[in-house]
Amino acid sequence: MNHQHAKLLPSSASVAHMAKGRMECGVCWYVYDPAQGDDVWQIEADIAFGALPDHWRCPQCDAEKSKFLALDIADENVQTGGAEDVQALIAAYQRVDQERMQDIPFRNAKLSIEAVDFQPWQGGSLGVVITPWFMNLVYLAGPNTDWTAHRHGDLVTHVLPSGRYQFIHGDLEGFGPLQSCSLMSPVTDFEDMEAARITAREVMRLMLIAPGGEPEPEGMRLKTEPDPEPTLASGEISRRELLRGRRVAAPEI
Amino acid sequence: MGETTETFYDVIRRQGISRRSFMKFCSLTAASLGLGPAFAAKIANAMETKPRIPVLWLHGLECTCCSESFIRSAHPLVKDVVLSMISLDYDDTIMAAAGHQAEAILEEVKTQYKGRYILAVEGNPPLKDGGVYCMPGGTPFVDKLKYMAEDAQAIISWGSCASWGCVQAAKPNPTEATPVHKVIKDKPIIKVPGCPPIAEVMTGVLTYILTFERMPDLDRQGRPKMFYSQRIHDKCYRRPHFDAGQFVEAWDDDNARKGYCLYKMGCKGPTTYNACSTTRWNEGVSFPIQSGHGCIGCSEDGFWDNGSFYDRVTDIKQFGIESTADKVGVAAATTVGAAVAAHAALSLVKRAQQKGSQSDEN
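Protein sequence lines correspond, in order, to chains Z and Y. The number in the working numbering is simply the position in the first sequence, starting from 1, with 1411 added. The number in the working numbering is simply the position in the second sequence, starting from 1, with 76 added.
Quick caveat, the hints were computed from the structure, so don't treat them as lab data. Values in this document were obtained by computation on a predicted structure and should not be read as measured data. By construction, the Cβ of each residue, glycine as well, lies at the ideal position given by its N, Cα and C atoms. No false leads were slipped in.
Beta-carbon label-pair distances, calculated as ranges:
id, chain 1, residue 1, chain 2, residue 2, range
1, Y, Ala246, Z, His1563, 33 to 39 Å
2, Z, Ala1494, Y, Ala415, 26 to 32 Å
3, Z, Gln1453, Y, His369, 52 to 58 Å
4, Z, Ala1520, Y, Lys190, 58 to 64 Å
5, Z, His1563, Y, Glu144, 32 to 38 Å
Covered by chain Z, per the in silico footprint, the following chain Y stretches (three or more residues, Cβ under 8 Å):
id, stretch
6, 310–317
7, 320–331
8, 418–426
With the C-beta cut set under 7 Å, the calculated list includes, among others, these residues of chain Y facing chain Z:
id, residue
9, Thr390
10, Gln429
11, Gln430
Construct all of the structure, not just a fragment, from the sequences and the given hints.
And the structure:
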């Protein structure tokens, strides 16, 4: 798989997930296949569609680049959970680790860099990334994700079945944009990779299941009334009463 | 001081605040507490029906930065709403009354609202030489604190002074300044540390207590989880730079201009539990890291004695002794047990979860 990294790494993410994708002209249905390149414009093989020069036009009908539509990349990406992006991401973090994180005191040398349980989500992919210095929930863009409005450091809220989570929009050198929600950093408490991996899997499982019940304010109840009434505040109907079809709170309960 | 039966809503309406503004206040409050929109109605209901709970605000050894922060709260707005809502009956810094007239209020509330009022404490009592190093109204503060705490139903420790001791308790602590929870041991105490705490956190804690008549959910150190369950580092907008290993190496280097991570410049974000990176300061405008300086960890225990502001954080026992916002128990996962991992994962998920806020920013 290493040759794919080489192809994916130098480009931005938008290019990264188009790298293998074929693009079809919306006018004449000509297909640009990066594996083949394009003889008319003298484009070599392995040039992603996104990396084509701006003056490039459809070799068959002269339509602009913007007329082209993704042919098979979307399906492919959904099926694999963006597996290639994930590999590119891991490779980028491995480089960060080797080049810049070795002298960080709380780097947990027992951990390695790994992507756990990435799966298709909202057109992109979602999973947990473990590194020796953090464990994050990471959301990667899909081919149709539009992140042009987001800047580095923006907080973005995403809704998962288990609740709402704030992700931070970032730009990883050698990879491109990604959004991550910190689960843990530093990760010095993990004794080995297996512990981190199992925890990450469990995190993903919990993230994607819906919690039951309606939210209640948490915390210990205070005694505020001189004679505390056993029922809820006047006019309020308890959940149980509501489900039984009672309209007004009954004081004797 | 108001009638016993007067509700928050009565007071607000009497002050000429419209119903519309009141409802807006309720939804803003729900959002600032990290509660969902459903809670806005609950807050409104509580404020319309529940009698006001008096709050007494005592000042010990302190610098008044907590009060200064508090009166600048934007949501809820202290000026218009909170002061009437919380019925701040006594606060020797901002009250109009003075002298014996002021001190009489303490006595009045203590008897009239016995067992029901909230005691908010800013600063801490010095214990040395019988407490003579802090003498408000001519009596040692420690005596006043104990006396007023007798009939309070809960105590709020404002700021790092009341919560941990702060600068006056820094070594060698000449006046034996002592945090509130080491003096009062028989009352529930909510610690709201920070030097000062964020204004919206202070008003948020009060609003929560008074509208829901509950103590907020506290962590093992007695801090409200809704504001203190995440480290600055977890939600810092510079976090992607940390993840990518991009650090400021000197104050005037190019990386500083690019806004890289300040960890190597001594930022205490990775060990500090507070809401600065999400709630931010001055109505959400900025916070220290955003203005280019690392976090000094002012809401952590003993931060004055933890070395220089510019020393790198090296020893992080996040689930050990030092930080106990949530017991995660990963430390016990030496031998991998699925149950331990499951417990750890659940804690991580709960901590990462945003509680209901609607907004996409801040």
